[in-house]
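**Q** With chain A held as given, fit chain B with the ligands onto it using these hints.
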Amino acid sequence: MEYFIQQLINGLTLGSIYGLVAIGYTMVYGIIGMINFAHGDIFMLGGFAALIVFLIATSFFAGIPVALLLLLMLVVGMLMTGLWNWTIERVAYRPLRGSFRLAPLITAIGMSIVLSNFIQVTQGPRNKPIPQLVTDVYHIGDITISLKQIIIVIITAVLLFAFWYIVNKTPLGRAQRATEQDRKMAALLGVDVDKTISITFVMGAALAAVAGCMYLMYYGVASFNDGFIPGVKAFTAAVLGGIGSLPGAVLGGLMIGLIESLWSAYFTIAYKDVATFGLLAFVLIFKPTGILGRPEVEKV
Amino acid sequence: MAGENLLKVQGVETYYGNIRALSGVDVEVNKGEIVSLIGANGAGKSTLMMTICGSPQAKTGQVIFDGEDITRLPTHLIARKRIAQSPEGRRIFPRMTVLENLQMGANLDNLKYFKEDVEKIFVLFPRLKERQSQRGGTLSGGEQQMLSIGRALMARPKLLLLDEPSLGLAPLIVKGIFEAIKKLNQEEGLTVFLVEQNAFAALKLSDRAYVMVNGRVTMSGSGKELLANPEVRAAYLEGGRH
Ligand SMILES: Nc1ncnc2c1ncn2[C@@H]1O[C@H](COP(=O)(O)OP(=O)(O)O)[C@@H](O)[C@H]1O
Ligand SMILES: [Mg+2]
Numbered sequence: 001m002e003y004f005i006q007q008l009i010n011g012l013t014l015g016s017i018y019g020l021v022a023i024g025y026t027m028v029y030g031i032i033g034m035i036n037f038a039h040g041d042i043f044m045l046g047g048f049a050a051l052i053v054f055l056i057a058t059s060f061f062a063g064i065p066v067a068l069l070l071l072l073m074l075v076v077g078m079l080m081t082g083l084w085n086w087t088i089e090r091v092a093y094r095p096l097r098g099s100f101r102l103a104p105l106i107t108a109i110g111m112s113i114v115l116s117n118f119i120q121v122t123q124g125p126r127n128k129p130i131p132q133l134v135t136d137v138y139h140i141g142d143i144t145i146s147l148k149q150i151i152i153v154i155i156t157a158v159l160l161f162a163f164w165y166i167v168n169k170t171p172l173g174r175a176q177r178a179t180e181q182d183r184k185m186a187a188l189l190g191v192d193v194d195k196t197i198s199i200t201f202v203m204g205a206a207l208a209a210v211a212g213c214m215y216l217m218y219y220g221v222a223s224f225n226d227g228f229i230p231g232v233k234a235f236t237a238a239v240l241g242g243i244g245s246l247p248g249a250v251l252g253g254l255m256i257g258l259i260e261s262l263w264s265a266y267f268t269i270a271y272k273d274v275a276t277f278g279l280l281a282f283v284l285i286f287k288p289t290g291i292l293g294r295p296e297v298e299k300v
Numbered sequence: 001m002a003g004e005n006l007l008k009v010q011g012v013e014t015y016y017g018n019i020r021a022l023s024g025v026d027v028e029v030n031k032g033e034i035v036s037l038i039g040a041n042g043a044g045k046s047t048l049m050m051t052i053c054g055s056p057q058a059k060t061g062q063v064i065f066d067g068e069d070i071t072r073l074p075t076h077l078i079a080r081k082r083i084a085q086s087p088e089g090r091r092i093f094p095r096m097t098v099l100e101n102l103q104m105g106a107n108l109d110n111l112k113y114f115k116e117d118v119e120k121i122f123v124l125f126p127r128l129k130e131r132q133s134q135r136g137g138t139l140s141g142g143e144q145q146m147l148s149i150g151r152a153l154m155a156r157p158k159l160l161l162l163d164e165p166s167l168g169l170a171p172l173i174v175k176g177i178f179e180a181i182k183k184l185n186q187e188e189g190l191t192v193f194l195v196e197q198n199a200f201a202a203l204k205l206s207d208r209a210y211v212m213v214n215g216r217v218t219m220s221g222s223g224k225e226l227l228a229n230p231e232v233r234a235a236y237l238e239g240g241r242h
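Going down the list, the protein sequences come from chains A and B. Quick note on numbering: the working numbering labels position 189 of the first sequence as 189, and the sequence is numbered without any gaps. Quick note on numbering: the working numbering labels position 204 of the second sequence as 204, and the sequence is numbered without any gaps.
One chain only, chain A, in its complex shape (with noise of 0.2 Å):
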């Protein structure tokens, strides 16, 4: 019982990094209707603008007191990738609404290449150790929770909130929203759309870089890959709640990593992805449109 709770707290954890990530993947989707492949690789670069935070801070000021560091991580990894996705949508997407649908779609995996190659030459081909930044761990029991686990569940929360209200209860939301349901009509009563689009790229960007600073900090190393395998779990977990849903993003986030962290712990390793796609696969064949999601059919 207790190995089964333990599992269930260390899924708990990395759901919610995927659950970050994926509401990135969901916000744009939902907006213009688009899979940013490129979403993955803004999660890696933001993990990347935490080491780099990390090196400069602590070789130069080598007292910083943690929180300290780790707000910094955070704030400048928000800025960063919420500057690289804002370019990326207006350089590489942007002239390409209103084409055919796929020439976004291809325009997104050559914007991953291009991100994940750019750190790749730049950052080495190796995966980049830090020392464990949070140490704390409490026993209650025979279980364990470190600190790093109930930080990352914490700010996952209060994000999540934040953004809930934003999209349900701001102008900025409602605005998203009636951009979402029919661009022509926001526009017809003064919404900024392009404005409004470039903002939903910045907040998907601004949360997959805290996801990242934490995924640094959970797992202790940061590599150029990173963009792909988390960010296709990510884009799975977003397809699994139903895309375009909010709360669907971070329900199939937790799902995943729970499967993940049980599987491992109760099968073979080897095979938790296989197990993860099985259940994509599994759902979406009962529910074409993942749990949360909308059927497409009420379009008026």
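Take the hints with a grain of salt, since some may be wrong.
To be verified - Partial pick of chain A residues on the chain B-facing surface, computed with a CB cut under 10 Å:
#	residue
1	A67
2	A103
3	D142
4	K148
5	P171
6	A175
7	R177
8	E180
9	Q181
10	K184
11	M185
12	L188
13	L189
14	G190
15	V191
16	D273
To be verified - Capping the alpha-carbon separation at 20 Å, the derived lysine to any residue pairs in SDA-like fashion look like this:
#	chain 1	residue 1	chain 2	residue 2
17	B	K112	A	P171
18	B	K158	B	Q186
19	A	K169	B	Q134
20	A	K195	B	D109
21	A	K184	B	E88
22	A	K184	B	L159
23	A	K184	B	Q57
24	A	K169	B	L99
25	A	K184	B	L77
26	B	K59	A	G98
27	A	K184	B	K31
28	B	K81	A	D192
29	A	K184	B	I70
30	A	K169	B	R135
31	B	K31	B	G137
32	A	K184	B	G137
33	A	K184	B	K112
34	A	K169	B	K81
35	A	K169	A	G98
36	A	K169	B	T97
37	A	K184	B	S55
38	A	K195	B	K81
39	B	K112	A	N225
40	A	K169	B	I70
Keep in mind that the hints were calculated from the coordinates and are not lab data. Positions of the beta carbon are idealized from the N, C-alpha and C atoms, including for glycine.
**A** Okay, now just chain B with the ligands, sitting in the frame of chain A:
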């Protein structure tokens, strides 16, 4: 103030790809008027409404609003000049509540006048008050039309564009909507440019009207004149609807 020019469309041509939908269209609307545009299906009426709002933009010609050339302005900046449209097909946001749809209308002023304005809309269309927390997509056609007009009014427009407000609605609801338009015009001095296939009701309501055929304006005059014109009667009134 009344009689002064508000909207002037001059020699406008609009294309969809290579296909010309409007050819040399000239239309004027003065402050305080109700002007209608009638014509058969596919004549280009909705295209003109959308061209005024810059989506699509006119390829040649000019759209002048309140003395300012707005032909090349992007749609959202034209909206900020206080031209509000209730477009063809109503275009309600289906997954937003009635209240949120109205908030979208008041977007330009950041909801500054929302409370007082929404009360006015609820007086005009009491049905919307009953349905305020219901999603737009679940409303009946008549309710959606009221919401679409209400949403446009929330922008405090100087010019209200209405594209076929009577389409697909029961006669009693149409009557209510036309009365509401008349009331806004008389009591608030609202300027209205109206597209209708229901030519009889539109001409009766309007100060002036234009007839459009195949992307061109072929006739214009006061509502009364056109109602009495034999050509108009044959094509749009006695021959029934197209
Ligand atoms: N989005 C569009 N793309 C291509 N052609 C269009 C589009 N919208 C309208 N048209 C064409 O332009 C012409 C005028 O259409 P429209 O303005 O909708 O007429 P009306 O509102 O008078 O019925 C029609 O021939 C129609 O087929
Ligand atoms: Mg039309």
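**Q** Checking each numbered hint in turn, tell me which of them this model violates, lowest number first.
**A** 1, 2, 3, 4, 16, 27, 31, 33, 34, 35, 39, 40
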